[in-house]
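Q: The residues making up each chain are set out below.
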Amino acid sequence: MDFIRQPWHWSVAGVLIGLTVPLLYLIGNKPFGISSSFRHICAACLPQTKFFDYDWKKESWNLFFVFGIFLGGIVSATLLADPNPIKINPVTQQQLADLGVTQFSQLEPTDIFSFKGLLTAKGFILIVVGGFLVGFGTRYAGGCTSGHSITGISNFQLSSLIATICFMAGGFFVTWLVLPLIFKL
Amino acid sequence: MENTIEEGKNNQSTTETAAANFKYILVGIFFGIVFVKSEVVSWFRIQEMFRLSSFHMYGVIGTAVVVATISTLIIKKFKIKTLQGEDVVFSERPLNKGNVIGGLLFGFGWALTGACPGPMYGLIGSGFFVFTAALASAILGTYTYGILKDKLPH
Numbered sequence: 001m002d003f004i005r006q007p008w009h010w011s012v013a014g015v016l017i018g019l020t021v022p023l024l025y026l027i028g029n030k031p032f033g034i035s036s037s038f039r040h041i042c043a044a045c046l047p048q049t050k051f052f053d054y055d056w057k058k059e060s061w062n063l064f065f066v067f068g069i070f071l072g073g074i075v076s077a078t079l080l081a082d083p084n085p086i087k088i089n090p091v092t093q094q095q096l097a098d099l100g101v102t103q104f105s106q107l108e109p110t111d112i113f114s115f116k117g118l119l120t121a122k123g124f125i126l127i128v129v130g131g132f133l134v135g136f137g138t139r140y141a142g143g144c145t146s147g148h149s150i151t152g153i154s155n156f157q158l159s160s161l162i163a164t165i166c167f168m169a170g171g172f173f174v175t176w177l178v179l180p181l182i183f184k185l
Numbered sequence: 001m002e003n004t005i006e007e008g009k010n011n012q013s014t015t016e017t018a019a020a021n022f023k024y025i026l027v028g029i030f031f032g033i034v035f036v037k038s039e040v041v042s043w044f045r046i047q048e049m050f051r052l053s054s055f056h057m058y059g060v061i062g063t064a065v066v067v068a069t070i071s072t073l074i075i076k077k078f079k080i081k082t083l084q085g086e087d088v089v090f091s092e093r094p095l096n097k098g099n100v101i102g103g104l105l106f107g108f109g110w111a112l113t114g115a116c117p118g119p120m121y122g123l124i125g126s127g128f129f130v131f132t133a134a135l136a137s138a139i140l141g142t143y144t145y146g147i148l149k150d151k152l153p154h
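Residue numbers (this note's numbering), protein chains in the order written: chain A, 1 to 185; chain B, 1 to 154.
Hints were generated in silico from the structure; no laboratory data involved.
From the three backbone atoms N, C-alpha and C, an ideal C-beta is built for every residue, glycine too.
Among these hints, one or two may not hold up.
[As the list claims (entries may be wrong)] The calculated lysine-lysine pairs, modelled on DSSO-like cross-linking and capped at a C-alpha distance of 27 Å, are:
1) Lys79/B with Lys58/A
2) Lys58/A with Lys81/B
3) Lys81/B with Lys184/A
4) Lys9/B with Lys151/B
5) Lys149/B with Lys81/B
6) Lys79/B with Lys149/B
7) Lys87/A with Lys76/B
8) Lys97/B with Lys23/B
9) Lys149/B with Lys76/B
10) Lys79/B with Lys151/B
11) Lys184/A with Lys97/B
12) Lys50/A with Lys76/B
13) Lys50/A with Lys81/B
14) Lys76/B with Lys151/B
15) Lys23/B with Lys50/A
16) Lys184/A with Lys116/A
17) Lys50/A with Lys79/B
18) Lys50/A with Lys151/B
19) Lys57/A with Lys77/B
[Said to hold, decoys possible] Label pairs and their computed distance ranges (CB to CB):
20) Glu86/B with Gln94/A: 36 to 42 Å
21) Gln106/A with Gln84/B: 28 to 34 Å
22) Asp98/A with Lys151/B: 30 to 36 Å
23) Thr4/B with Thr78/A: 35 to 41 Å
24) Tyr58/B with Leu181/A: 25 to 31 Å
25) Phe90/B with Asp55/A: 33 to 39 Å
26) Ala44/A with Phe55/B: 36 to 42 Å
27) Met1/A with Leu83/B: 28 to 34 Å
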């Protein structure tokens with residue numbers, strides 16, 4: 001069991017994530033994509049506007065799928081939990097420590113990504129503002145990392161390649177130029 | 001046209017029963033385990049990616065794209081049918097300014113939260129319950145986009 005509990009190699013994860021694309025095509029004619037779940041939750045739970053006026057029940061497979069991801073998270077953190085601390089690249093760890101991150105043992109820096117951290121200015125920006133931008137941006141862009149970067153590019157969609165380049169450009173910009181300002185708050 | 005589902009659209013013409021949906025929970029569980037065990041859900045791994053100090057994320061995404069592309073080409077070439085006997089539908093994705101503007105905004109959010117949509121669900125399951133706030137905010141972000149859509153450049 002130790003083999004499966006330790007962090008998985010990128011090639012194993014890449015192959016398994018890649019195979020999810022044909023698997024979903026073949027078991028039910030579904031293109032792999034996750035961000036649509038946000039829209040279906042809006043359509044199901046929030047006051048209707050034109051953009052959310054469609055038959056979300058027909059698309060409900062996506063909600064079952066993301067519920068499964070949540071359950072997979074539970075399995076990973078219990079049955080398959082790795083007892084060892086995460087290994088972070090020393091250069092990145094030093095850069096983050098210089099910014100003011102103090103917790104480096106778990107998947108997340110728990111000094112920021114916790115309910116206590118949420119009440120600080122930087123925690124609020126990273127979690128709430130960041131979450132808002134993910135939800136707003138993905139729908140504006142027409143997809144997320146799964147829908148554009150994996151499914152779209154594998155189907156040779158130019159829009160997906162452009163969106164992916166912009167995901168990366170946006171991420172580099174915030175990491176290098178905006179995070180230092182946020183961590184000064 | 002107004003209400004195109006551009007991602008994850010259900011292209012199956014056979015009606016799907018509620019029970020049939022359980023297979024997507026199983027795929028989701030498998031997928032969630034891969035996500036968490038390969039640590040792509042981690043804020044640190046995303047930071048390493050944007051700081052160009054680890055190959056891990058590039059390896060995961062690059063391999064996934066290669067495997068997905070080869071699989072897609074095989075399905076197209078041999079006209080492999082779905083379990084229900086249907087032709088697989090490969091959705092076109094519209095090219096517009098949103099790919100750039102929305103893509104940049106998504107990238108900003110990705111670097112801040114260290115999580116794209118899939119990892120948010122996986123992280124909540126893994127016990128990082130504060131990601132319920134990120135998820136709620138992401139849903140609100142999508143809702144805000146839905147309200148503003150017609151006023152935004154596309």
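Q: Provide an ascending list of the numbers of those earlier hints which the structure does not satisfy.
A: As far as the earlier hints go, 3, 5, 6, 7, 8, 9, 10, 11, 12, 13, 14, 15, 17, 19, 20, 21, 22 and 25 are violated by this structure, in ascending order.
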